[in-house]
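S.K.: What follows is each chain in one-letter form.
Number of protein chains: 2
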Amino acid sequence: MDGVDTVTLEASDVLVVAEPLPHPARREIELASVLHALSDPMRLRIVAALATGEERSCKSIDLPVVKSTCTHHFRVLREAGLIRQRQEGTARLNSLRRDDLDVRFPGLLAAVLAGARN
Amino acid sequence: MDGVDTVTLEASDVLVVAEPLPHPARREIELASVLHALSDPMRLRIVAALATGEERSCKSIDLPVVKSTCTHHFRVLREAGLIRQRQEGTARLNSLRRDDLDVRFPGLLAAVLAGARN
Chain A
870 MDGVDTVTLE
880 ASDVLVVAEP
890 LPHPARREIE
900 LASVLHALSD
910 PMRLRIVAAL
920 ATGEERSCKS
930 IDLPVVKSTC
940 THHFRVLREA
950 GLIRQRQEGT
960 ARLNSLRRDD
970 LDVRFPGLLA
980 AVLAGARN
Chain B
870 MDGVDTVTLE
880 ASDVLVVAEP
890 LPHPARREIE
900 LASVLHALSD
910 PMRLRIVAAL
920 ATGEERSCKS
930 IDLPVVKSTC
940 THHFRVLREA
950 GLIRQRQEGT
960 ARLNSLRRDD
970 LDVRFPGLLA
980 AVLAGARN
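Protein sequence lines, in the order shown, are assigned to chains A and B.
Oh and the first sequence: position 69 is 938 in the numbering used here, straight run, nothing missing.
Oh and the second sequence: position 39 is 908 in the numbering used here, straight run, nothing missing.
Some hints here could point you the wrong way.
Covered, in the sense of this in silico footprint (three residues per stretch, anywhere, with C-beta under 8 angstroms from a C-beta of chain A), are these stretches of chain B [said to hold, decoys possible]: (1) 902-916; (2) 975-984.
The following label-pair restraints were derived from C-beta to C-beta distances [stated by the list, open to error]: (3) B:P893 x A:H941: 23 to 31 angstroms; (4) B:T959 x A:T921: 49 to 57 angstroms; (5) B:P893 x A:A983: 15 to 23 angstroms.
By construction, these hints were calculated from the structure, which means they are not laboratory data.
As the structure is a prediction and not an experimental result, all values here were calculated from the model.
By construction, the Cβ of each residue, glycine as well, lies at the ideal position given by its N, Cα and C atoms.
All chains should be modelled from the sequences, with the hints used to inform the complete structure.
M.R.: This is the structure in structure tokens:
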């Protein structure tokens, strides 16, 4: 078509600008925020799924919610200090901050995980 | 005044109709509801104040909130199964359902109370 330039992009030309993923430091993790983050059945399922210690993506955890809701739940968990999120290419990987939580609130995560299994 | 009857009431004539105070049975206490009830700093303070085992009225616990807010927090705690409320005359007395919680979610209340003290 006259007057229209077409540009072909290679994968290496595309810069994925990931949104920043702020995490509270261990000492900044608040009990009320942790309990709030855990007070949703979907978020409890996510935490239980991450309790194996593996790093997992949002979609690898079988949840009956749409992707945007899943993204929201992971953000609440990250902001409360329950999980760590990191971007690897286009994948966002999630892991439980078990050590930080066990130091900050000894016994809490274990009791919640046991309660979630029953 | 003509045509107006006045009636003098004795204290014994007055029937206080208290609102019903439904409590979930032990097996009905849900983890997500318990965590939600505990996820508010004022409600955490109430639970910590009741952890001595004493039955206490709303106003005996020093909280920087108005009475209606206090009443709301106690209702959330009762409906989640964290506290028992009973009416004694005009006073509403509150106690922690520690035995029920310890059977339902072992270690949870102890971990939360320890976390709230730090």
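S.K.: All hints are to be evaluated individually against the structure, with a verdict given for each.
M.R.: Hint check results:
no.	hint	result
1	902-916	holds (count 8)
2	975-984	holds (count 8)
3	B:P893 x A:H941: 23 to 31 angstroms	holds (28 angstroms)
4	B:T959 x A:T921: 49 to 57 angstroms	holds (54 angstroms)
5	B:P893 x A:A983: 15 to 23 angstroms	holds (20 angstroms)
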